Structure formats: structure tokens, C-alpha cells
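The numbers in this note's numbering rise by one with no breaks, and the one at position 682 of the sequence shown is 750.
Honestly, I wouldn't trust all of these hints.
[Claimed, not checked] The calculated DSS-like cross-link candidates involving lysine-lysine, where the alpha carbons are at most 27 Å apart (straight line), are:
(1) Lys679 to Lys747
(2) Lys560 to Lys537
(3) Lys560 to Lys463
(4) Lys463 to Lys679
(5) Lys409 to Lys463
(6) Lys326 to Lys463
(7) Lys409 to Lys326
(8) Lys659 to Lys682
(9) Lys659 to Lys679
(10) Lys572 to Lys747
[Claimed, not checked] Derived DEER-like restraints, expressed as beta-carbon distance ranges:
(11) Gly284 to Ala163: 18 to 28 Å
(12) Pro417 to Ala719: 53 to 63 Å
(13) Gln731 to Arg1010: 52 to 62 Å
(14) Asp602 to Arg663: 19 to 29 Å
(15) Pro940 to Ala163: 49 to 59 Å
(16) Arg662 to Leu472: 24 to 34 Å
(17) Ala639 to Arg663: 15 to 25 Å
(18) Ala471 to Asp1040: 55 to 65 Å
(19) Ser330 to Pro940: 49 to 59 Å
(20) Gly936 to Gln731: 40 to 50 Å
(21) Arg1008 to Gly936: 46 to 56 Å
(22) Asp602 to Ala639: 40 to 50 Å
(23) Ser903 to Ala1068: 33 to 43 Å
(24) Pro417 to Ala784: 28 to 38 Å
Hints in this document: simulated from the structure, not taken from any laboratory. In this text, all values refer to a predicted model and were calculated from it rather than measured experimentally. We put the CB at the ideal spot given by N, CA and C, even for glycine.
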Amino acid sequence: MVAANDFATGSVIPIQVSPYDVPSELQALNRGFATLAIDPDGRVLRANNRFLSMFGCELEEIVGRDVTLFVPPEEQENWARLRTRIKTGGNWSAAARRRRRDGSELWVRSHVTAVTGQDGAPIETIAILTDVTAEIARDAETRGRLAALDLSHAVLHLSPERLVIGANDVFLGLTGYRLDEIMGRHADLFADPAAPTGRAAPDAWIEVLGGRPHAGECCLVGRDGERVWLQTTFTPVLDPCGRLAKVVQTGFDVTEHKRRQSECAWQIAAIDKTHAVITFDMTGAIVQANQNFLDAFGYEMGEIEGRHHRIFVDPAFVHGAEYAAFWRHLRAGRHHAGQYKRIGRCGRPIWLHATYSPIFDMDGHPVRVVKYATIVTEERMRQAEIEGQVAAIHKSQCVISFALDGTILDANDNFLRVTGYRYAELVGRNHRMIAAVGDEADEAEAYALFWQGLAQGHHQSGEFRRVGKDGREIWLQAVYSPILDLEGRPFKVVKYALDITAAKLRHAEHQGQIQAIGRSQGVMTLALDGTILDANENFLSALGYELEEIRGRHHGMLMEAGARGGPDAEAHWAALRAGRFHTGLHCHQGKDGRRVWLQANYSPILDLAGKPFKIVALVTDVTQNVMLAEAYEDAKRQAQHDPATALPNRARLAAFMASALAQPGSSMAVLYLDLDHFKPINDTYGHVVGDRVLGEVADRVRRLLRNDQIAARLGADEFVIAAPGLDAEGAEQLCRRLASELAVPMHHGGTELPVRGSIGVALAPVDATTVDELLRCADTALARAKRDERGGYSFYAADQNERLAAHRRLLDEMRRGIRNGEFFVEFQPRFETSSRRIRGVEALVRWAHPERGRVSPAEFIPQAERSGLIIPLGEAVLRDACRTIAGFDAISVSVNVSPVQFRDPRLVEIIASALDEAGLPAHRLELEITEGILIEDAERARQTLGRLKEMGLRLAMDDFGTGYSSMSYLCDFPFDVIKIDRKFVSGLHDPGRGRAVVQAIIGLGQSLGIGVTAEGVETNDQLAMLMQLQCREVQGFLLARPMSPEALRLLESDAKAPPAEAPAPPRRPRRAG
């Protein structure tokens, strides 16, 4: 027996212990565990502090009470069985659910030991308890996760030797095996023998054997031989000694995904075979192009790889805002589709029907642009030609329409003039009255077959002999075209005809002319199938052939490879065989392989029956003309553009400026830009890198310009921007944007290139009115800018520089003020009109300048918006307003959000952070937004306002009626309040338009269920009229001026005090400060 200190009361009690127990061990036990002592009847004797803290009770509350007070009702039965063990003594351990004093439950693990007396009878029982609530919860969560995984994933258990030791139902369902069929079998049972990748890679299994998990795709072969693809993870399971006990393979079925992936690959391959395909990076640089594209444009891949897309674009289009917007939209992930005019290697126009598709990475960011295109140059030319032909036909040809039985339905004036009939004499009669059909059976039968063919939908064309009203013979070159209904059945016939009577008479004369043509032009005769029958010396000389080399060969041998055969060639010959003429410029291939351009006229020659039987092609060699035209266009382009940057040169700039300055009342801003530190770059890295830097600068400058502005390179590192109609303020904004663009670092081989720019600005007509004078003034201003501060900008006029310096000083002082906390917030209350109770306040920013005192918001807020400082200033105002109003009971606060703030992508996150930091409920914050925000980007505004409404904020349309005031904005956007602008409130005294406008706005808000607040209430008459019009909320100097938080708290206290007699407007507090 030894004596030990009681861990609860401090009294000394005798307990029976083993020889190695010592008091220090009891003290350690008392400090480390919750302990409880109970007598054999289950009453509490004592407990240590850890027990009392664990169960939330005091010792005095539990001593002497039955221990069942810690047992939940549903555990009482189990506890009753333990009482016998307590009375008889004994040791045991168990985990059970217990109850705290406040009724909450916890899980404890108890180690129970009986303390016996000298006679061996138990005198008390000591329980040592540990809180295992978190451990039990984690075990339950783990079991739940394993159960969910077992239901949704295929699971296979493998020994370290890759023998199957278990599998779940999902795995068995995918492979078609029973568990007894695979137990103890090797995992290669599921491997695909025809695909090495179906087996676990040796390196992967070595990684798993080393205790590291491995993930990837795995192909299994089921019992029926079907392949199943899994996205799988091999997870090693270690024993307590850290040795590999087994490997658990979990996975989910991705077979359908693999099938779709394979189908997509085949589709892409099919597109690549049939379309011209080219890939660009997001800067527009060419990454890859397929052979179809290279053939169409006449390039080799090495000639275009890495070059910009602009090499295919007309230079006049490259420098416009539309082209810049085109690439801006692609970089934003938008698709483009349509018909585009592009330029091939030889400068010839190529028309494409194309789709530009951005390709996105796993994070949803566009990384490539793929263009799929069909070459439609010939279709475009044919379309224009056909449209012209149709218009010409209706103006110049005879047109008459018939029913299928030959009854005349209509005729145009040309037909009436040629035949001599009046309209009434033809309509309703049969075609036979004008047809020269004899009584011979053969002619009658042919005529019947002619109309039978038309009724069946067959076209008829040729030369036809007809009879006019006066009996004279008329020859018509005509086409009879059946017109089909929606079901494809002919329902009438339209005839297009030319009067060739005079031509027939001149036929003999034409024969002589044809011979003359043969002496001056190339002539080739072809059969209707394209076989060459004959060619004169001029034709042979142009292509370098002898007649024997081409006679009997097909006409396609003379064409370029891309123009031989195909639908276009077939359509061309079908048209000729149908008797239709063709004229055009064609590129042929000479015997020596050179390109020969021929202006050709293909003329079907008709037999006496009017049917074509051969083709005569009259050609003129215009190769020199085409080459001269291409050279001229190329020279003209080079004469007006700088080759290094593709920008206009000095000559093009001067012409542009002269034209713009010649307009009556014209004005212009000229910005002379000189790159700082360019010469060291050029000297250090060479002219190639220097040219790349100049090209990058040119691209950045181009992105900033409108369609009516131009940027030119004058030489070396000097650029000039001419902006018609741009005033001093606009020129200053453009200078800041240029400086911002040039501040973005450029890199070469991992080295940052320090490129900046100094800018001189001259304005017309203030500084000068001619091109040379403006450039000289801008150059002078540039010299001043480089002297004063490299990387800055300067105006030629002194007053502009003074204004610029004042503007810079103000911005510097504002930045300092934001850092030093010089800006603060005052609050102007809004009142319920009828009760004069404070409904909320509007937060208004103020500036306490350390030298100038209070600065008017009208002076610094516009500058903050133009410079972007409104974003940090607005955030500071928002956070200050939320912190202050969180200290009031039920007042809400409204904060203005400028368009610049609204465009900030972080706006929603900033507002959420301000509310969370201040602890202000979202419904007590109201954002005031002007209509202009909704005009800029309605879709983006809708998304942002929707997110704010989801947070619980209130939205107010500020200054309603001063902007566009579209009713659709109130319907389309989730506004809670309309704020009537103060200018309408001040016009309430006008019983006509002023009062009517306010009444209409209030009625509109009531109809839409939107609150209305009237701003700028300054007189009792205005307040009375607003009450009469049932405007429920007012704000203005009559009721309260903007005030400090302290003054607002006094005003709130006064408003809470009970009124003496009748409610009166709140007193005006003294202005803070």
C-alpha cells in the first residue's frame, strides 16, 4: 500500500499499486488525461480538471451524483451491464458515446481500473478518458469515401507480385469476369497482347513497388475480348513497418472518351485533306500550314514559318482598326468566319471561305488559332460574271415565256420590237405562230420532240429561224430554259434570245475577218471533249510547242497542274459544249515550264442545226502586261511603305496629312516619337534584332490608333502619328497610352531590352497649318521632352506644357494623398419622405489637402477617372464606408461606382472583401451605377450585376434621365432603385415638362416595383410636391448636408428620440471640421 494525492480534492488516500508505480507517474497521468473516480455504486467521487473541461461542468455539480448523468439515454442499457463489473472490480477498455453538461455529445475511449483494498474488495473505480470524437469522425468519413469509391470506380487489389487478391463489382462488370475466375491470377490476364501499352510499363510498376502512386491510362481486355480503357491510379498500401502489402488499382471507364477522341482525330485528318489549313500563335505568327494552303498561295513552308499573318493581307487593310480588332477578338477567344480577300505570293487576289478558330489550353486560355479555308476565287469571279450576265441579258436580249404546251405567257419589249408584234397579239397564242415550221413530217416531228424535251426539263439552245409579223425571216440565237417549281417539276419555259439576223448576213464577211485574226492572234481549234485539233503559228510560238506535240492531246496539258481536271474544268467544258461562250484571262504552262498568261475567247462553233461541234479559242499573249502590272503594284506598295515595319513612309504620311489639313476647319495632333536607348540595342545585338524591335514598336503603335489615324516611320528609330480631329486632351491621353505600351518589356534571348520613347506633340491649327511646319514643331517639342525627361512627352505650345505640368502635379498629389490617408468620407442621409426617418446614407469622398485645404471633388474626381486613380481611391472609399456603417444599427450606405471601376475585373472580389472585412451584411450596401456603364458592354454589365445581386447587394441607377434612359435597361438589369437627377427636381416648379418628367419617373418605378429617390431637394416647395407625387425617399441640403460619422451618429440619436408633437425635418448638424 502507498499513499497518493487525490487528483481532484488533494486529500491523501490509500490505493493498492504495483511495486513500480510512483507518485510522479500519477501526476503525469493526471496532467495528460481526463480521469474520473467512482464508488462501487457508480457515484462520482472526484475528477481532474481535464475531465471537467472535457465535459463542461464544475466538480461541485457532479460529486455524489450517479455517473449516468454523462450517459446519453440510448446508451443507458449498455451502461447498466457495466455496473456489475464496477461492483466486482476488474479492468477493461472501450470507446463509447457520452454527453456533456450542455447536452452535446462526444466520443471517448475509456481505460477502467478497479482500486481494491487489503481484502481484495473494490473500493473505487478509476476511468482514464481520451476524447476521440475527431478520430471517430475521420474514420466514418474514410469509410464513406471508400464506399462511394467502391460504387463509382473499378477497384482491383493486387499483391506485390501482381496477383489478383480482390476486385469490386464495377471492375467485374467492366471485364465480364467472376471473382472466382480471377482470384490468384496474374494481372497480365487483362493485358492486350496486340498492344504493348496495354501492359503496365515496367518503370511504372517499379515506381509503385517503391511506394509511390502512379496514374495514367490503361487498356484492359475483358473476358469477351472487348477492350476497356480506364483512367487509372495504382496506389501502394504499406504495412505498419513501411513494407508494400498490396497495390490498389482504381479507375473509371474512359472507353467512350477514347472513341470520341479517335473520331475527332480522323475528322481533323479528313479536313486537312480537303481544306487549306494554317495555324498561328496568338501574336499572329505562322506556326504550320498544310500542303493545300501552300499550293493555293504559292509558298514553301520555310518561306512563311514565323512570319506574321499580315503577309497575306492587303497592306491598306493591315494598318486599319478593323484588322487590329480582328486579331484582338481572336486573342480574346472569339471565332471569325466568312469570306476574306487575301494576297498570294505573286500578288494575285485569293478569295477564301474561312473559319478562324482559337484553340484553348486546359485552363481555358487561347494558345493557337487554326484557320480552315476553302479557296473560292473562281466561284467569286463566276458569281460576279453571272450577275453581270443576267443584268445584261435583261437589258439587251429578247425574253419571252411559254406554258409547257407552247402558249405564250409574256414577252418583253425587245422581243416585240424584233418580231413586230404588239403584246396583245402574242399573249395567249401558241409559239407555232412565230416558228418557221413546214408541213413536212420530219419538221413536224422534230418540233414536237423539241417541246417534249422542254416539258421534261431539258434546256434547248442554238440558232433558230423564226417569222416576224410582216413575214420576214428572223434568226435568233436563243436558249429555252425550263423553270422548275419547288418539287423540281417544270411548269413554264423562258426563252432568252438575240437577234442575229444581221449577223447571218455578215457571216461571209466574218469568215474573212477570222482569217485576219488568225494572222494576228493565236488560234486553237478543239473538239468538244477538249482534244486539240489544230493551232496556228502564233499560238504555238507563245507556248513553245510544235503542232505534232499537242495535236490529239487534251487541252489540259497546257494548263497549270492546279487547273487541270476537277469540277471547275468540267463545268467550263460543259458550258462550251452547250454552246455558251467564254472569255477570260488564263494562266497556261509553256513547254519549258514557264507561266504564260493568255487572254482567251472560247467560242463554240455551231453546225447548221445550231449545235456546237467544235471550239475555237482566240488568244493573245499578255504575259508581259501581267508581269508589268504585278511589278507596278509591288513598286507602288514599296514606294509608300517602310519595309522593316510595314508602316507608311514619309511620302505616304505627307500625303495623308496634306489631305486632312486641306479640309475646311480641320485640326490635327502630330506626335513625334523617338525611341530612347535604341542605338545601343542595334549596336549590341545587330540590325536583325533592331528590326524586330522596330516591328514590335510598330505593332504596339498600330493597336492604339483609330481608322482615321496613321502611324509612319520616318527613319532610324523615329515614328510620327498623325491624328486628325484630336485635341490637346486627346493627344495627351494618346501619349500616356503610348508610354504605357512602350513600358511593357521586350525580350531577346532571355534578356530584357530597355526600350522607351520620348514624344513631342504639335497641334494644328494652333502651332502650325502645313505639313512641314507641323513636323518641325513636333520635332522641337520632342527635343524638349528628351532634354527634360526621357520617356516623357512635351507639347510645342508653352501653355499646353504648363497645363500638362499642373495636371501631373495634381496626379502626384492625389497619389500621395491616397498613401497618406488625406481622403476621407462624409455621409449625406436619405430620408423617408413621410416620416423623415433616415433610410440610408450616400458616401461622398472628400480631400483635405495639407497645403490647399479642402479640394473640390469637381476638380479631382474627373482627373482620377481619366488617370485610373479612381480604382484605388474608390476601393478606399468603399472600405471606409463599409467599416463606418457597420457600426450603426440599421442604416444602409450607397457608394458610387464609376465606369472605370466597373471595368476592373477585380470589382466583385473587392466588394466581397470590403463587406467581409467590415462585417457589414450585403443588403446594407447599395451601389450607384450610371447608364453609361450599361452602354459600353451590355453583356459584361449583365454578368457583373448578376453576380453582385447574388451576393445580396442593392443596385441603384444614378442620375436617371440625364443619359440614354432606355426603358429596356430597367427591364433587363436587376435594379432596386432609380435616383432622379437634381436638375429634374430643381425644375419641379415648372408645371409643364419639369413636373411631368418627375411624375413619369416615379410612376415608372411604381409600375416596375422599383424604389425611387429624389436627389438635390433644397426647398420646402420641392419637398411638398415630391410628397404629393408619392416619392418615398428624398435626399438634399434641405434635410441634411454631407456630414462626418460623428455628426451622423448624433443625427441618428435625435431621430430615435420620440417626437414632441408633430414630426419635423431633422436639424442640420454642424459640418465636421
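Hints, one by one, checked against the model:
1. Annotation: proposed proximity of Lys679 to Lys747 is violated, straight-line Cα distance about 76 Å (limit 27 Å).
2. A hinted pair counts as satisfied when its Cα atoms are at most 27 Å apart, and Lys560 with Lys537 qualifies at roughly 24 Å.
3. Simply put, Lys560 and Lys463 have alpha-carbon atoms about 22 Å apart, close enough for the 27 Å limit, and the pair holds.
4. For the hint linking Lys463 to Lys679, the alpha-carbon distance of about 26 Å falls within 27 Å, and the restraint holds.
5. A threshold of 27 Å between alpha carbons decides the hint, and for Lys409 with Lys463 the separation of about 31 Å lies outside it, so the pair is violated.
6. In summary, the hint linking Lys326 to Lys463 is not supported, as the alpha carbons are separated by about 62 Å, beyond the 27 Å threshold.
7. Annotation: proposed proximity of Lys409 to Lys326 is violated, straight-line Cα distance about 39 Å (limit 27 Å).
8. Restraint check: the Cα-Cα separation between Lys659 and Lys682 comes to about 25 Å, which is no more than 27 Å; the hinted pair holds.
9. Restraint check for Lys659 and Lys679: the C-alpha separation of about 34 Å exceeds 27 Å, so the hint is violated.
10. A C-alpha spacing of about 78 Å is found between Lys572 and Lys747, which places the hinted pair above 27 Å, so the restraint is violated.
11. One distance hint, 18 to 28 Å for the beta-carbon pair Gly284 and Ala163, is violated here, with the actual separation near 41 Å.
12. Judged by the Cβ atoms, the range 53 to 63 Å given for Pro417 and Ala719 is violated: they are separated by roughly 25 Å.
13. Hint check: Gln731 to Arg1010, Cβ distance near 41 Å, so the stated range 52 to 62 Å is violated.
14. Between Asp602 and Arg663 the beta carbons are some 24 Å apart, a value that agrees with the proposed interval 19 to 29 Å.
15. Restraint check, Pro940 to Ala163: a C-beta distance of roughly 57 Å satisfies the suggested window 49 to 59 Å.
16. Here the CB-CB span from Arg662 to Leu472 is close to 54 Å, at odds with the stated 24 to 34 Å.
17. Checked against the given bound of 15 to 25 Å, the beta carbons of Ala639 and Arg663, roughly 23 Å apart, stay inside it.
18. Between Ala471 and Asp1040 the beta carbons are some 56 Å apart, a value that agrees with the proposed interval 55 to 65 Å.
19. Range check, Ser330 to Pro940: about 53 Å between beta-carbon atoms, so the 49 to 59 Å window is met.
20. Here the CB-CB span from Gly936 to Gln731 is close to 34 Å, at odds with the stated 40 to 50 Å.
21. With their beta carbons about 18 Å apart, Arg1008 and Gly936 fall outside the hinted range of 46 to 56 Å.
22. Taking 40 to 50 Å as the suggested C-beta distance range, the pair Asp602 and Ala639 does not conform, at roughly 25 Å.
23. Hint check: Ser903 to Ala1068, Cβ distance near 25 Å, so the stated range 33 to 43 Å is violated.
24. At about 35 Å, the CB distance of Pro417 to Ala784 agrees with the hint of 28 to 38 Å.
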